[in-house]
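Engineer: These protein sequences, in sequence, are chains A and B. Heads up, the first sequence is in my numbering, so the first residue is 1 and it goes up one at a time. Heads up, the second sequence is in my numbering, so the first residue is 116 and it goes up one at a time.
These are computed hints drawn from the structure, not numbers from a lab. All values reported here derive from a predicted model rather than from experimental measurement. All clues stand as given, with none of them false.
Stretch by stretch, here's where chain B covers chain A in the computed footprint (C-beta under 8 angstroms, at least three residues):
1) 29-42
2) 53-63
3) 105-113
Computed spacing ranges between beta-carbons, pair by pair:
4) B/135 x A/17: 42 to 52 angstroms
5) B/135 x A/16: 43 to 53 angstroms
6) B/171 x A/39: 24 to 34 angstroms
7) B/144 x A/55: 12 to 22 angstroms
8) A/17 x B/196: 33 to 43 angstroms
9) B/181 x A/38: 30 to 40 angstroms
10) B/160 x A/41: 10 to 20 angstroms
11) A/16 x B/225: 43 to 53 angstroms
12) B/181 x A/17: 45 to 55 angstroms
13) B/171 x A/97: 15 to 25 angstroms
14) B/117 x A/108: 26 to 36 angstroms
No residue lacks a Cβ here, since even glycine has one placed at the ideal position from N, Cα and C.
Listed here are the chains, written in short residue letters.
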Amino acid sequence: EPEVTQTPSHQVTQMGQEVILRCVPISNHLYFYWYRQILGQKVEFLVSFYNNEISEKSEIFDDQFSVERPDGSNFTLKIRSTKLEDSAMYFCASRRTRDRYYGYTFGSGTRLTVV
Amino acid sequence: QKEVEQNSGPLSVPEGAIASLNCTYSDRGSQSFFWYRQYSGKSPELIMSIYSNGDKEDGRFTAQLNKASQYVSLLIRDSQPSDSATYLCAVRGGNEKLTFGTGTRLTIIP
Numbered sequence: 001e002p003e004v005t006q007t008p009s010h011q012v013t014q015m016g017q018e019v020i021l022r023c024v025p026i027s028n029h030l031y032f033y034w035y036r037q038i039l040g041q042k043v044e045f046l047v048s049f050y051n052n053e054i055s056e057k058s059e060i061f062d063d064q065f066s067v068e069r070p071d072g073s074n075f076t077l078k079i080r081s082t083k084l085e086d087s088a089m090y091f092c093a094s095r096r097t098r099d100r101y102y103g104y105t106f107g108s109g110t111r112l113t114v115v
Numbered sequence: 116q117k118e119v120e121q122n123s124g125p126l127s128v129p130e131g132a133i134a135s136l137n138c139t140y141s142d143r144g145s146q147s148f149f150w151y152r153q154y155s156g157k158s159p160e161l162i163m164s165i166y167s168n169g170d171k172e173d174g175r176f177t178a179q180l181n182k183a184s185q186y187v188s189l190l191i192r193d194s195q196p197s198d199s200a201t202y203l204c205a206v207r208g209g210n211e212k213l214t215f216g217t218g219t220r221l222t223i224i225p
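Go ahead and model the full structure; you've got the sequences and the hints to work with.
Structural biologist: Here it is, written out as C-alpha cells:
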C-alpha cells in the first residue's frame, strides 16, 4: 500500500534554530497538508497546499512557518526560528482528489524537540 | 470556534464485546466525518469515513451519523486486543482542513 514518507523521524534542535521537515506524499496525490500534535493534545491543522500554493492556513501557521514543494516529489515544512512551544509531532498528509468525502493518508510523523 | 468533542475515556471493553465511541460536533455545515485510529506514538490511521445520515459498515466497524443531532459514532464489534488505541473523530466542513477531537482511549481487556 502506498505510503506518505516523512524524514527525519526525530529531530532535536536548539531554540532559535531553523528546521526543515521533509515529506514525500503518495505519488498521484495532489493535495498536501501539515498537521501537528503537541504531546497529549489534539491533532491540529497547520496548512493545506495545492497547485504549488497555500490554499488554507491556520492561526498557528504564522510568519515563522513556510511550506514548499521544491520538486515533483518532496513537500517541506520550514520553521525559521524554533520556539520551545514548537515541540510536537508533525504529520504530513496527502489526498488524491478534491472529493471532500475522501480521507487523508498521514505520514509516520516527525517528532520535533526544541531545547 | 468549531469544536469536535469526544469522551477522553479510558473506555475499557472485554474482548469479544462491542465498543461504542461517540463524537459530537458544533458546526452544522460539516460535510464529512472520519474516524482515525492512533496507536501511542504513531500517526493517525483512517478506518472509516461517512457523509450521509445513517450507518456505514466495513468489516467489524460501523460508523453512524446523525446530522440533526450533530453526532457521529463508531461501533467496533468482536473487539480484539489489537483494537486498543486512541480513536480520533475528525470533521471537515466546506474547506480543506480536518478538525479533530481529543480522542477516546480504548482498552480491550483479554
